[in-house]
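Residue numbers (the numbering used here), protein chains in the order written: chain A, 382 to 595; chain B, 382 to 595.
Among these hints, one or two may not hold up.
[Claimed, not checked] Examples of chain A residues lying across from chain B (beta carbon under 7 Å, computed):
{"no.": "1", "residue": "H465"}
{"no.": "2", "residue": "K564"}
{"no.": "3", "residue": "Y566"}
{"no.": "4", "residue": "S577"}
{"no.": "5", "residue": "C584"}
[Said to hold, decoys possible] Which residues of chain B face chain A? A few of them, derived with a C-beta cut under 7 Å, are:
{"no.": "6", "residue": "R393"}
{"no.": "7", "residue": "P396"}
{"no.": "8", "residue": "E517"}
{"no.": "9", "residue": "W555"}
{"no.": "10", "residue": "S579"}
No lab work stands behind these hints, which were simulated from the structure alone.
By construction, the Cβ of each residue, glycine as well, lies at the ideal position given by its N, Cα and C atoms.
Number of protein chains: 2
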Amino acid sequence: MPKEGVSIQVIRRLPRYYRYLSELESKGVEKISSTKLAVLMSSTASQIRQDLNCFGGFGQQGYGYSVTGLREEIGKILGLSETHHMILIGAGNLGRAIATHLNFEQLGFKLTAIFEKDEKLIGTMLRGIKVMRDEEIENYVKDNDVSTAILAMPKEAVEKLIDKLYGCGIRSYWNFSHFDIAKKYDDVIVENVHLSDSLMTLCYRINQAPGIDT
Amino acid sequence: MPKEGVSIQVIRRLPRYYRYLSELESKGVEKISSTKLAVLMSSTASQIRQDLNCFGGFGQQGYGYSVTGLREEIGKILGLSETHHMILIGAGNLGRAIATHLNFEQLGFKLTAIFEKDEKLIGTMLRGIKVMRDEEIENYVKDNDVSTAILAMPKEAVEKLIDKLYGCGIRSYWNFSHFDIAKKYDDVIVENVHLSDSLMTLCYRINQAPGIDT
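Kindly generate the complete structure, drawing on both the sequences and the hints.
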């Protein structure tokens, strides 16, 4: 269990530990020292020990970490076995990419329904799920156990829809739009994915690096 | 111009400033105080002043910031008018979403070519660009001015292709795979987008919040 007040920076590093450990495990590696893990992750041994100490440690002096043990512990901390039910809103290019690209079941979620307003896409199949009309969201959420919505829509569409989603009781969002949900409601959990911010950061870093551009 | 040693955390906040200022500008707002900007961005006035002071300030005592002026200055710092030429590798669901979803021209880039190995997709049009066979990458990069590659492929595909891309002289990457490029080459610039990490973080935050799940 996490000690109180674990910073969001530490939390955000946990999925990365989980990924690297999963990979080591799939290669048959059984144990690893914090020094070796640090080299692999381009981090430092001290950072790794500090991060993991927030949750109680897990390493053994002179042995290092058990790869499987540590992966499982981090999986437990992240709660990846919890299976929160989620719906996807938006079955356009971005929604399709999200639906097909991710192993939701291994990441703590199950995608149970997909909604779209474009008539052409309604009724099509995506990840084995029939895309429904967005007007059906309220009824669906009323009848089913849904905790989370993925918003793969433009900002304006989210702005129009968010009151309805909040009204249905949905309190957690994976938000690909630029609409600032947490500013409107203070009892929601929002993970924003701002792809354009990432691209602007890349632009800055290219400009700052001498001789990188052609 | 940035003072030396501006931290990556500050840099990563700049696109966010840019987005909020662009929005204020589009609403006709001419000036804003750091206090009001802080409320809008769920930040603090002191954080904003501190961040902007890394680049020389821009505010006027008792006036605040000129919205257009500050947006333009941040755009200059990010180098958004530079137009780096980039190629997209992978025209599957994720590649299509990236190609259609982003205003590259407003973010410092121009998407000039798209490559794919799936025969079914070669020759199709995406954002007005004809998808080419991935074997043509080397010749294309030799004949054209390309600084950056978007990698919308699985880890294993990137692992196979990365030496060729590096060999062609491409030194900056927008990487959607889990392959750790910066670990292999130390003179590259890589912005990673790990969607699954974001989803795992959301899972953790839902589990930690009492009463959020249904």
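Right, here's what the structure says about each hint:
no., hint, verdict
1, H465, "6 Å, holds"
2, K564, "6 Å, holds"
3, Y566, "12 Å, violated"
4, S577, "6 Å, holds"
5, C584, "3 Å, holds"
6, R393, "6 Å, holds"
7, P396, "4 Å, holds"
8, E517, "18 Å, violated"
9, W555, "6 Å, holds"
10, S579, "5 Å, holds"
Hints 3, 8 from the earlier list are contradicted by this structure; the remaining hints agree with it.
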